[in-house]
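K.L.:
Given these sequences and hints, build the entire structure.
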Amino acid sequence: MRVGGDRALLIGVAATLLTLVAVFYYPVGSVLASAVSVGGRLTLSPLVSVLADPFYTGAFHSLVTAPATVPRGLARWAESGMPSVRLGLFGFTAYQALLSTLASVAVGLPGAYLLARFEFPGRRFVRSVTILPFVLPSIMVAVGFLAMFGRSGLLNDLLGVVGLGPVELTFTLELIVLAHAFYNAPLVTRLVTTAWESVDANRVETARTLGATPYRAFRDVTLPQILPALLTASVLTFVFTFMSFPLVLALGGLQLATVEVWLYARVQDLALTEAATLGALETALSLGLVYVYLRFEAMQISARGEGRGLARTPLVDGWRSLIDPRRLGLLAYGAVVLVLFVGPLASLVIESVTTPSGRLTLEYYAFLLSQQSSAAAGTTRPLPAIVNSLLFGAGALLLALPMGVVVSVVATRDGRGSRLAEALLTAPLAVSGIVLGLGMLRTLVFGTTVFGHRITLTGPVAIVAAHAVAGYPFVSRNVTPALSGVDDRLGEAARALGADRTAVLTDIELPLVAPALVAGAAFAFAISVGEFDSTVLLAEGLDSATMPVALERYIGNRSLGPNLGPATAMGTVLLAVTTVSFVVIDRVGGRWER
Amino acid sequence: MKRRAFLSRAGVGVTGLAALAGCMGDSSDPDGGTETTDSGGKTGTAGSSGGTLTVATYSSFTGEDTAGNWLKSAFESERSDVTVEFRTPDSGVNQYIQRKSQGAPIDADLFVGLNTGELVRVDQQLDDRLFAATSERIEGADSVKSSLRFDPNGRVIPYDTGYISLVYDEGAVDEPQTFDSLLEPAYEDGLIVQNAQQSDPGRAFLLWSIKQQGTDGYLDYWQRLVDNGVQILSDWEPAYQAYMNEEAPMVVSYSTDQVYYHGEDVDMSRHQIGFLNDQGYANPEGMAQFADAENPELAREFMSFVLSEEAQAEIAVRNVQFPAVEGVEPGGTFGKYALEPPEAVTFSYEELSGNVGGWIEEWARQIASN
Chain A
951 MRVGGDRALL
961 IGVAATLLTL
971 VAVFYYPVGS
981 VLASAVSVGG
991 RLTLSPLVSV
1001 LADPFYTGAF
1011 HSLVTAPATV
1021 PRGLARWAES
1031 GMPSVRLGLF
1041 GFTAYQALLS
1051 TLASVAVGLP
1061 GAYLLARFEF
1071 PGRRFVRSVT
1081 ILPFVLPSIM
1091 VAVGFLAMFG
1101 RSGLLNDLLG
1111 VVGLGPVELT
1121 FTLELIVLAH
1131 AFYNAPLVTR
1141 LVTTAWESVD
1151 ANRVETARTL
1161 GATPYRAFRD
1171 VTLPQILPAL
1181 LTASVLTFVF
1191 TFMSFPLVLA
1201 LGGLQLATVE
1211 VWLYARVQDL
1221 ALTEAATLGA
1231 LETALSLGLV
1241 YVYLRFEAMQ
1251 ISARGEGRGL
1261 ARTPLVDGWR
1271 SLIDPRRLGL
1281 LAYGAVVLVL
1291 FVGPLASLVI
1301 ESVTTPSGRL
1311 TLEYYAFLLS
1321 QQSSAAAGTT
1331 RPLPAIVNSL
1341 LFGAGALLLA
1351 LPMGVVVSVV
1361 ATRDGRGSRL
1371 AEALLTAPLA
1381 VSGIVLGLGM
1391 LRTLVFGTTV
1401 FGHRITLTGP
1411 VAIVAAHAVA
1421 GYPFVSRNVT
1431 PALSGVDDRL
1441 GEAARALGAD
1451 RTAVLTDIEL
1461 PLVAPALVAG
1471 AAFAFAISVG
1481 EFDSTVLLAE
1491 GLDSATMPVA
1501 LERYIGNRSL
1511 GPNLGPATAM
1521 GTVLLAVTTV
1531 SFVVIDRVGG
1541 RWER
Chain B
262 MKRRAFLSRA
272 GVGVTGLAAL
282 AGCMGDSSDP
292 DGGTETTDSG
302 GKTGTAGSSG
312 GTLTVATYSS
322 FTGEDTAGNW
332 LKSAFESERS
342 DVTVEFRTPD
352 SGVNQYIQRK
362 SQGAPIDADL
372 FVGLNTGELV
382 RVDQQLDDRL
392 FAATSERIEG
402 ADSVKSSLRF
412 DPNGRVIPYD
422 TGYISLVYDE
432 GAVDEPQTFD
442 SLLEPAYEDG
452 LIVQNAQQSD
462 PGRAFLLWSI
472 KQQGTDGYLD
482 YWQRLVDNGV
492 QILSDWEPAY
502 QAYMNEEAPM
512 VVSYSTDQVY
522 YHGEDVDMSR
532 HQIGFLNDQG
542 YANPEGMAQF
552 ADAENPELAR
562 EFMSFVLSEE
572 AQAEIAVRNV
582 QFPAVEGVEP
592 GGTFGKYALE
602 PPEAVTFSYE
612 ELSGNVGGWI
622 EEWARQIASN
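Each protein sequence line maps, in turn, to chains A and B. Per this note's numbering, numbering of the first sequence is gapless, rising by one per residue and ending at 1544. Per this note's numbering, numbering of the second sequence is gapless, rising by one per residue and ending at 631.
Source of the hints: derived by calculation from the structure; they are not laboratory data. Among the clues, some could well be false.
[Stated by the list, open to error] Stretches of chain B that chain A covers, calculated by requiring three or more beta carbons in the stretch to come under 8 Å of a beta carbon on chain A:
#1 321–328
#2 336–349
#3 453–467
#4 482–493
#5 505–516
#6 607–613
As the structure is a computational prediction, the values presented were derived from the model and not from experiment. Beta carbons are placed, not taken as given, at the ideal position from N, Cα and C, and that holds for glycine.
P.N.:
What follows is the structure, given as structure tokens:
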């Protein structure tokens, strides 16, 4: 594809880049710069001091401190039977991210299979709500997890009934991995389902006609087409869980600290050089991963025709289907999903209508109403928070959709350096919320002096910008695979008939990839609604509080006694509002579907 | 529970007070000691300056039925030409340290809710002065209990204090008596504390343990606590929630716990206060006028209003903290349920200065590499 003469697209690329420079590269750069400069001079000493510190790099610190001894050390280690070595903070963080990724794939993949290949009542609804975990503030999820998996939680109650247990899960790595699966398995499900639904049925049928077994057809035709999405999801999960912070803090405490937990503590202590150095190393690692993945994805994608998707089989189809091992497996899977996903959310809803002593109550919802009608200064009112969340979400969506599509168009071009360009455009995924929030605060919010004028960006504008930056990579992650699957001949035919590149994109390609576009839109919206860290940093007044911010403030309100009642009530409202929003996005978007 | 809601009560107990009392009004003030922004002199409660007073504080100090909201209404009704506005940045005083160091406008007159450790951080991070020395010129400042005054340079005026203690379930464990007893098998997997890096009660508990075990012995003590199954959670809220979910029978909290948690359907046996070694760690909260305040005079008038007897009693009840001014007794439910430790301990500003950051980081490294 050539861009030649295509002004609109060029403008789109320029606008995307400009936005990114202003609200991402400049603020983040200002933080990371302090990792490589001391007193205005370039230096590697902050990096070296972190890499040489066994606390951070464990046994690997000798790679920096005494590289000459490494071969001898390795030999001695092998001789003594390869005992476990100290991993350091980075090593431990990578280890838990790896476990979390494996768990997320294990939980998410069967879900994609179920949603893509089977028809059952409520399938569309289930598919829509797979996005819900993205909007749930981690403190709420942590509370739900404790209520579900804690010492006196629901799981142990259930196990007790059948004479098993109790299981001690709280404050363990296992529970953190489970919680990470709660957040990221739906991502795996979502991305893989979208890819699986786009598999061309004609090619599968051709393979079968040529004598391939169903397994062979899956391996040779279907798998290559869903693998990029699975890898995307895995890389994203690894990056997210590598940067994991609030959940680790709430469910595992300091004993299971990750790099991000440590980075946050350094920020709190205003040890900004060390924090920036950790941020730089973390960013380099994740960015490297994203780049490696993008190269891989580019090799994987194969063009396909405009064909139809695979037909879904009914989940329940007569009595015979009840003894089908595949269906029995899915049934067992459903039970696991109920415990893992519905359990914590149900505990949240139940806590919002029961007192600590187990009595039914509506006083927490009455509390929300009283906050709404309160005239007191500094009261966080629920309704403006709901409205703000929806408005910011819509604003972020309006900004993130075009940005994401522009990035996808760049990604599907085969030009030199387009992988690198894509990596640069996808970089926000690899930067932790804390680094971005800190950078934005120090530059845009406090203001920066340009030509003698102090420029500040505060309030809703900054929040929408931050949310859009966080959300657009999800648009492009959804749209890119679909876009590259569109038959080039369609575009070429249109262009031969006189359409320019932009017209091809808007009139032909985008309608063809509508499901992916809608999925991306839902992601961008979900991320905006659930975003907390940068919102709270950027929203100084109550006027720009969102639902998660309101929820966090209600956690601090103890006027109703020793419980999370008010916060769980707000959490339930958050859950309801966002469920409705996603179902609406999905249904409205669905009208374009073939 | 908001990170800052419960905390911010550091302070000066019995040990530090003689030294501190001697420092009040000392001319060795590194800031230069004298306030230059306006004419000076004590400001009376019936002041004359009007306009908008911008108060930076933590978010749970404001809102329905809070101390902050009571102060706003009461001050505004006393002074018809005044409006009080709140700023509640989530990063607390760090927000203003960074603003100052970046040359950004401060946009507030007064900071409410500062403790000793935070003041040490302010002074360590900034060469320019963030707060003005005002204690000489605020009516009522001399009635603040001398044991609570923690700023040797007269900038921060305490307005209330809390005491860190254990809260325990007497149905599950015997009352823990000493720090050393927490290492016993009877208390295995029994204690939840907060992360001293970002939680005030957690920080106060760590400092208290350093007071007890010494700077040479505290890391070893904590290693043995970890071996006995202590859990270190991020902050007061998740820690207390885990305690309520019966994950452990003891949690680090405040000696005013029962003021919140009394009532007919509350099991008070789960809200017992344990004063280890018959002590509690005092954590006073203070207020200070920004040096760059647009309305410094009004800020000082508000500060002396906060120290008035009526305001002190209201703050104690609504913020669930002990008053800072001598002779104020809130009475009522507060008087009945708020417990004071037999002995209050704390580190002084001088003792924390130059040390607190290192103590906490070494502690955190020890825990995180377990």
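K.L.:
Hints numbered earlier in the text: which of these fail when held up against the supplied structure?
P.N.:
6
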